[in-house]
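**Student:** First to last, the protein sequences are chains A and B. Here our numbering is used: the first sequence runs in plain steps of one and ends on residue 115. Here our numbering is used: the second sequence runs in plain steps of one and ends on residue 109.
One or more of the hints may lead you astray.
Said to hold, decoys possible - Here are the simulated distance ranges between beta carbons:
1) A:G3 to B:Q9: 24 to 32 Å
2) B:T64 to A:L96: 37 to 45 Å
3) B:G16 to A:E20: 41 to 49 Å
No lab work stands behind these hints, which were simulated from the structure alone. Just so you know, even glycine gets a beta-carbon here, dropped at the ideal spot from N, CA and C.
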Amino acid sequence: GAGVSQTPSNKVTEKGKYVELRCDPISGHTALYWYRQSLGQGPEFLIYFQGTGAADDSGLPNDRFFAVRPEGSVSTLKIQRTERGDSAVYLCASSLRPSSTDTQYFGPGTRLTVL
Amino acid sequence: SQQGEEDPQALSIQEGENATMNCSYKTSINNLQWYRQNSGRGLVHLILIRSNEREKHSGRLRVTLDTSKKSSSLLITASRAADTASYFCGTVNTGKLIFGQGTTLQVKP
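If we strip away everything but chain A, and leave its shape as in the complex, we get:
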């Protein structure tokens, strides 16, 4: 079956603009996760959804970052007033159940470049 997909694969924007990054999880997976990875670093947790609700958003760096998952499937990560420091690869993952028990499967990522 299809894996986790993310669109766009690359996004170039200007400082101050608004961007939306989309994640389509594996069908039937109830848990969805967003991570951010800077060059040379490991992925850092942003937010985790169980169904439609955010179970843990402790990794969101500030109020410019927001994510939704209105129907418990597709999720959108929204970044307002982008800054150059937001440039990174944004990774989405999903798991059948919360990952205290299950494997997280990652998508290919969206590379965001803020000029």
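Given the coordinates of chain A, work out where chain B should sit on it, guided by the hints.
**Tutor:** Frame of chain A, contents of chain B only:
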């Protein structure tokens, strides 16, 4: 913040040799997952080991977990050039994965 650390940060070996990477972490965990990443894009899942397990195998991969020392190791036997990648361990406590900075493995043909 990063939970753990991988050691070494970089490893270069000849094809056919074994590669061992270590991961240490700080807090209690439910499970630990090893991933491979090529070219800075998506992570490929390798093995999940639960906190009550000590060792797991998958093909040429062997993972150990020592919860008393808060450490794990990944052994790749008979390495191939295609194993060249970055390897990350991620620990799970409350649902989210917490990663270290990874080990970059280069396998020379």
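**Student:** When you take the CB atoms of G3 (chain A) and Q9 (chain B), is the distance between them in 24 to 32 Å?
**Tutor:** holds (29 Å)
**Student:** Using the Cβ atoms, figure out if G16 (chain B) sits within 41 to 49 Å of E20 (chain A).
**Tutor:** Hint holds: Cβ distance 47 Å, inside 41 to 49 Å.
**Student:** For the pair T64 (chain B) and L96 (chain A), does the Cβ-Cβ distance stay inside 37 to 45 Å?
**Tutor:** violated (26 Å)
Checked against the numbered hints above, the structure violates only hint 2.
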